[in-house]
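Asker: Sequence:
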Amino acid sequence: MKTYQEIAGDGGSDILGQVTARQTRRFARLAGVAHKIAVMSGKGGVGKSAVAVNLAATWAMRGRKVGIMDADLNGPSVARMLGVSGQLLGLGAGGVIPAVGPLGIKAMSMDLLLPREETTPVAWDAPTQQHAFVWRGSIEASALGELLADTDWGGLDVLLVDLPPGAERLPNLWAVLPELDGAIAVTIPSEVAQLAVKRSIVAAQLLKVKLLGLVENMAGYVCPQCGALGELFPGDGEKAARACGVAFLGRIPFDPRIAGCSDQGVPFAIGHADTRSGDAMVQIARKIEERLPQEESRR
Numbered sequence: 001m002k003t004y005q006e007i008a009g010d011g012g013s014d015i016l017g018q019v020t021a022r023q024t025r026r027f028a029r030l031a032g033v034a035h036k037i038a039v040m041s042g043k044g045g046v047g048k049s050a051v052a053v054n055l056a057a058t059w060a061m062r063g064r065k066v067g068i069m070d071a072d073l074n075g076p077s078v079a080r081m082l083g084v085s086g087q088l089l090g091l092g093a094g095g096v097i098p099a100v101g102p103l104g105i106k107a108m109s110m111d112l113l114l115p116r117e118e119t120t121p122v123a124w125d126a127p128t129q130q131h132a133f134v135w136r137g138s139i140e141a142s143a144l145g146e147l148l149a150d151t152d153w154g155g156l157d158v159l160l161v162d163l164p165p166g167a168e169r170l171p172n173l174w175a176v177l178p179e180l181d182g183a184i185a186v187t188i189p190s191e192v193a194q195l196a197v198k199r200s201i202v203a204a205q206l207l208k209v210k211l212l213g214l215v216e217n218m219a220g221y222v223c224p225q226c227g228a229l230g231e232l233f234p235g236d237g238e239k240a241a242r243a244c245g246v247a248f249l250g251r252i253p254f255d256p257r258i259a260g261c262s263d264q265g266v267p268f269a270i271g272h273a274d275t276r277s278g279d280a281m282v283q284i285a286r287k288i289e290e291r292l293p294q295e296e297s298r299r
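If you read the sequence shown in the working numbering, its first letter stands for residue 1, the second for the next number, and so on.
Hints are computed from structural coordinates only; laboratory data are not their basis. Since we're looking at a predicted model, the values are computed, not measured. Each hint should be verified, as a subset may be incorrect.
To be verified - Here are the simulated SDA-like pairs of lysine to any residue, each with C-alpha atoms no more than 25 Å apart in a straight line: (1) K239 x N74; (2) K208 x D157; (3) K208 x G220; (4) K239 x L195; (5) K239 x Y221; (6) K43 x D157; (7) K210 x R199.
Claimed, not checked - Ranges of calculated distance between the beta carbons of each label pair, as one might list FRET restraints: (8) Q225 x N74: 15 to 25 Å; (9) G271 x A175: 53 to 63 Å; (10) C223 x E179: 38 to 48 Å; (11) A93 x L113: 16 to 26 Å; (12) P224 x A93: 17 to 27 Å.
Idealized CB from N, CA, C, for every residue including glycine.
Let the sequences and hints guide you as you build the complete structure.
Answerer: Laid out in structure tokens, this is it:
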């Protein structure tokens, strides 16, 4: 009977060699990244990408070197939120050079690789529509591994990986990036959203990925006229965090300007750090840093 190594090398495909080579490239590309953090949610519509982008901006304003990997291959939004849509990616000796957004935030996103980044789906280029299906499942995970392995991230204090919604997304990432330092869960004050995010948290716990904590987004509504905070959704993210046994990182009130800033490609935190929502982002970023491993940088 043939061994797995012999089967993997049959037919000249050398599957094992390809996987090993990709792992070697990934270790080399990420050697200068001190901390790698996943940002996850159980369902869409909770503002997870906006939270990731504004956390990155908050750290960058404090002098940290930050990068974001947009792991949502079929619905990427990070490039638009950072104002780098349409930037041409370069190729250097160390791999693909990522786009650079405000405050030097590095970004890699599938829409930077598409001919019409705002409308083109990620699908197989096949002769018939029947075979040109949209990427999914294990194909997405493999493509994510390639993007991580081929991007020249350089020296970073933090690399955020913005995951698509779904409880299976963190296990998919962990399969190609097992050296994660932790994960942040994002929800809103809604029982439906919190039920979904709990599944993602349990999936992380089964993998023994460190949960850095839970962020409750859209926690109240900031009136643009008077600045008062009103209730937007019923629910309690802190209670959900306790039920899952994870730290509660804080609440970010909904501010209509967050969406406007995202559309304009300028993170809300950059120009609105003195608002309720901006201050909440700053405090959450500090709490996350406190929960990261304090060993010397691995760069």
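Asker: Please go over all the hints and tell whether each is borne out by the structure.
Answerer: Hint by hint, here is what the structure shows:
Taking the CA atoms of K239 and N74, the gap is near 33 Å; set against the 25 Å cutoff, the hint is violated. About 23 Å separates the Cα atoms of K208 and D157, which keeps this hinted pair within 25 Å; it holds. For the suggested pair K208 and G220, the alpha carbons sit about 32 Å apart, so the restraint of at most 25 Å is broken. Pair hint K239 plus L195 holds up; C-alpha atoms about 12 Å apart against a cutoff of 25 Å.
Restraint check for K239 and Y221: satisfied, since their Cα atoms lie roughly 20 Å apart, inside the 25 Å limit. Between the alpha carbons of K43 and D157 the distance comes to roughly 28 Å, so the proposed pair goes past 25 Å and is violated. Between K210 and R199, the direct Cα distance comes to roughly 15 Å. Compliance with the 25 Å bound is thereby established for this hinted pair. For the pair Q225 and N74, the beta carbons lie near 38 Å from each other, so the given range of 15 to 25 Å is not met.
In this structure the hint that G271 and A175 lie 53 to 63 Å apart at CB is violated, the actual value being about 38 Å. Here the CB-CB span from C223 to E179 is close to 44 Å, well matched to the stated 38 to 48 Å. A hinted range of 16 to 26 Å holds for the C-beta pair A93 and L113, which are about 20 Å apart. Separation of P224 from A93 is about 49 Å and departs from the stated range, judged on CB atoms against 17 to 27 Å.
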